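Asker: Next come the chains, spelled out residue by residue.
Protein chains: 2
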Amino acid sequence: MSLQGSPDGLLHEGAITEPWEVVQQALDSVHPADAAVLLAQYKPQDIAHIVEILGPHQVLAAFEFLPFEVQKETLPHLSRDTVVRLISLMRPDERADLVEELDEDFQDQLLSLLIKAERQNLLKLLTYPEESAGAYMTTDYASLKATQTVREALDELRLQAPKKETIYYAYVVDASRHLIGILSLRDLIMARPESTVERIMSRQVISVPVDMDIELVAKEMRHYDFLAMPVVDDENRLVGIITYDDIFDVITEEATEDMYLLASLDTDERISSPIMRSVKLRSPWLFVNLGTALIASYTVSLFSETIAHFVVLASLMPLVAGLGGNAGTQSLTVVVRALALGEIEDRGKWMVVLRQMTVGLFNGALCGALLAMITLAWHHNPWLALIMWLAMIFNMIVAGCLGALVPIILRKLKLDPALGSSIFVTAATDTGGFFFFLGLATLFMDRILTHGV
Amino acid sequence: MSLQGSPDGLLHEGAITEPWEVVQQALDSVHPADAAVLLAQYKPQDIAHIVEILGPHQVLAAFEFLPFEVQKETLPHLSRDTVVRLISLMRPDERADLVEELDEDFQDQLLSLLIKAERQNLLKLLTYPEESAGAYMTTDYASLKATQTVREALDELRLQAPKKETIYYAYVVDASRHLIGILSLRDLIMARPESTVERIMSRQVISVPVDMDIELVAKEMRHYDFLAMPVVDDENRLVGIITYDDIFDVITEEATEDMYLLASLDTDERISSPIMRSVKLRSPWLFVNLGTALIASYTVSLFSETIAHFVVLASLMPLVAGLGGNAGTQSLTVVVRALALGEIEDRGKWMVVLRQMTVGLFNGALCGALLAMITLAWHHNPWLALIMWLAMIFNMIVAGCLGALVPIILRKLKLDPALGSSIFVTAATDTGGFFFFLGLATLFMDRILTHGV
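For the record, the sequence lines run as chains Y and A. According to the UniProt record's numbering, the stretch in the first sequence is residues 1 to 453, in order. According to the UniProt record's numbering, the stretch in the second sequence is residues 1 to 453, in order.
Bear in mind the hints are in silico, worked out from the structure with no lab data behind them. Among the hints, a few may not be true.
Stated by the list, open to error - Cβ pair distances, simulated, as ranges:
#	chain 1	residue 1	chain 2	residue 2	range
1	Y	Gln120	A	Gln148	40 to 46 Å
2	Y	Gln204	A	Glu194	34 to 40 Å
3	Y	Thr127	A	Ala175	54 to 60 Å
4	Y	Leu415	A	Val22	39 to 45 Å
5	A	Ser29	Y	Arg80	51 to 57 Å
Computed from a prediction, not measured in an experiment: that's the story for all the values here. Just so it is clear, CB atoms sit at the ideal spot from N, CA and C, and this is done for glycine as well.
Isolated chain Y, as found in the complex:
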């Protein structure tokens, strides 16, 4: 993938056996993201050792690419001085994310060591709710004044460049930091040097409020293809920017979250979670499912007499329930994903429910017909085949209806549309499948029995 040879061989898992110059060279010769992968193979105390010897400035770029867990575990092994220098050097949003992960004692200790301006900025960033634009933004944005000439603006950006996350978009603010315009570096270098920022800036500024849900911010950035999105407070004062690389992560994490919720998984679980943690995170969902499964089980018990008369029903009933569950999950997934991507408008939601029911009707008729034929061939009983067909149609309509309705209702209740929805939908299709099939069988029992088995 990368054009230069990877120096993996230089750093071995868990032990530093190489001279420092070799380690340093290995870290220097690759992209910081790859250096972080190399670093992450060491124990936290060894990483701390490397940070102490090479100096925070030297390892900063790689350190910022380390997972928070590793960053957090490394800090206690560093000297006070190094911690302060390292934290001070970090970008404000990375710094806030890390500090947020620390326990309160360590947080307080650290805050007391920072200089006042840094402390205030950090405290401010820590106040934004977890999934808001504020929590993801960086305060290191490039800003310009409207009255500057293009030449002055370029000089200004040259000065700001080393400290800013991006200088490719520059934001034009007035004396009270109100956001009045936006300018790209491309616009700037293409303009005549004696022109002014005011003349070439775009006044059609699109921005997001600091408390906006980051998922919606991601949607906006995808819509506009922005490299960075300005974040403003409720008086339209610029407070930060969110950059495209944060959005890469947001889109990925939101998708994971939806997938997990659709599968009744806690969003905190990871493939690397310890076994007992996975057990603990999954069992509440299984208990909920147990509750809904008991309803289906109780439904079957209502028809014990029917089953006792004609035990073949017990082997056929899972077909209706199972296919209904699959159809319900199909409708559910299409609707959950469309809600997440903002593809369902408020006024169109009844139409969505109706369409899913119609798809259910047709697929129920189709699969039901095939299943009826199989039943006929297997048990030579046309009445049994008929009720199989009817039960499939009824249950697939229920599947389409609830597959669409459950996420729409959850969204209406301001909950995540995927939250536990598959459990409710399959509970309905299981119960519905058993009820329709066994209910019809009870109704037509005489006719079924006259055709014998």
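Given the coordinates of chain Y, work out where chain A should sit on it, guided by the hints.
Answerer: Just chain A now, with coordinates in the frame of chain Y:
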């Protein structure tokens, strides 16, 4: 969201009643992405009308933001001249994506109208396989020569700027277009004007081959936080770049795809698909599921005699199957997502299977115990409760095992790990659930019956 008022009111659905100046003003006053949303409300012939009157150059930005379907439907309503001008103006990757959607006759017609250089470029882009880096890249990248001074390089970029997708990363190539270095515009404006490109460029160039799967390219760009990724041919010659905005879409689409495959949905289905298309796309999966459900059904039929003896089993057996299905989906989803995000290394995959089985064992014991107690309270039969507990444990181990194993095997077979995996896993947990529960019940029938109902 946006700071300026939205002029939605000016354009009404499906009919142009406003004077052209008003329409033009409405389109001009918003971001092209929003102008595209306004345009998309019209019928294709009306959009064509707007393009003809305002001119391709004027509407280009908004047109590029329109969904391909709308672009495609608009073209036949345009004059030949306008089509050629519009297509020529489009960015190469957008153009190729659009032309790919057209039917062959129209494609040929269009190709014959383009100038030779454009035609060759377009034909080249059309040859890359659908999900490869080549299919997503643009050929409008900024390039520099190593020997240029910084001042010359900046002048060069100023010249290239209007035609290039981004000038924030510039690629340094030799006479045969071999990629030898990379330079950001930030580096350039911070460097002394009399320095040379050679001196300040980074030689640690990370690039991707033109035939690399776009999903892997997205993973690389997320890893490095790149704004653009250079794409090279097999002789390391630069052929294009992929920009961050394409990656927004790739990450989103890949997530949708995985979610769809996990739910046994065809990836071509959309919430807006016509009903009969949804029926057609979903039914094959339902037929597959029907086949696997028949295995479970057949398993139950093997135990008809047991059920006839003790009909309560028919109402309890769905509990074991249902909970197993849920647990299997949990394991499956964790593993599928981890595979997609590259979190499972090849040597670690047996460990993953083992861990999922262990989680299954514990959750089976836990849920099984609760279910056993409920069974005891409901049916006052300790032997029934015991086999319920054992069947739950066995089935949950199967769930964990296959939930992990199926996607790992599919990946090994170079298939998508999510492809139909939920059908196989639930087939196994249904069949397993029925088999363990009814099998144990058959073994212990004497003891169960002595405790009566």
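Asker: For every hint, state whether the structure bears it out.
Answerer: Here is how each hint holds up against the structure:
{"no.": "1", "hint": "Gln120/Y x Gln148/A: 40 to 46 Å", "verdict": "holds (45 Å)"}
{"no.": "2", "hint": "Gln204/Y x Glu194/A: 34 to 40 Å", "verdict": "holds (39 Å)"}
{"no.": "3", "hint": "Thr127/Y x Ala175/A: 54 to 60 Å", "verdict": "holds (56 Å)"}
{"no.": "4", "hint": "Leu415/Y x Val22/A: 39 to 45 Å", "verdict": "holds (42 Å)"}
{"no.": "5", "hint": "Ser29/A x Arg80/Y: 51 to 57 Å", "verdict": "holds (55 Å)"}
Checked against the numbered hints listed earlier, the structure breaks none of them; every hint is satisfied.
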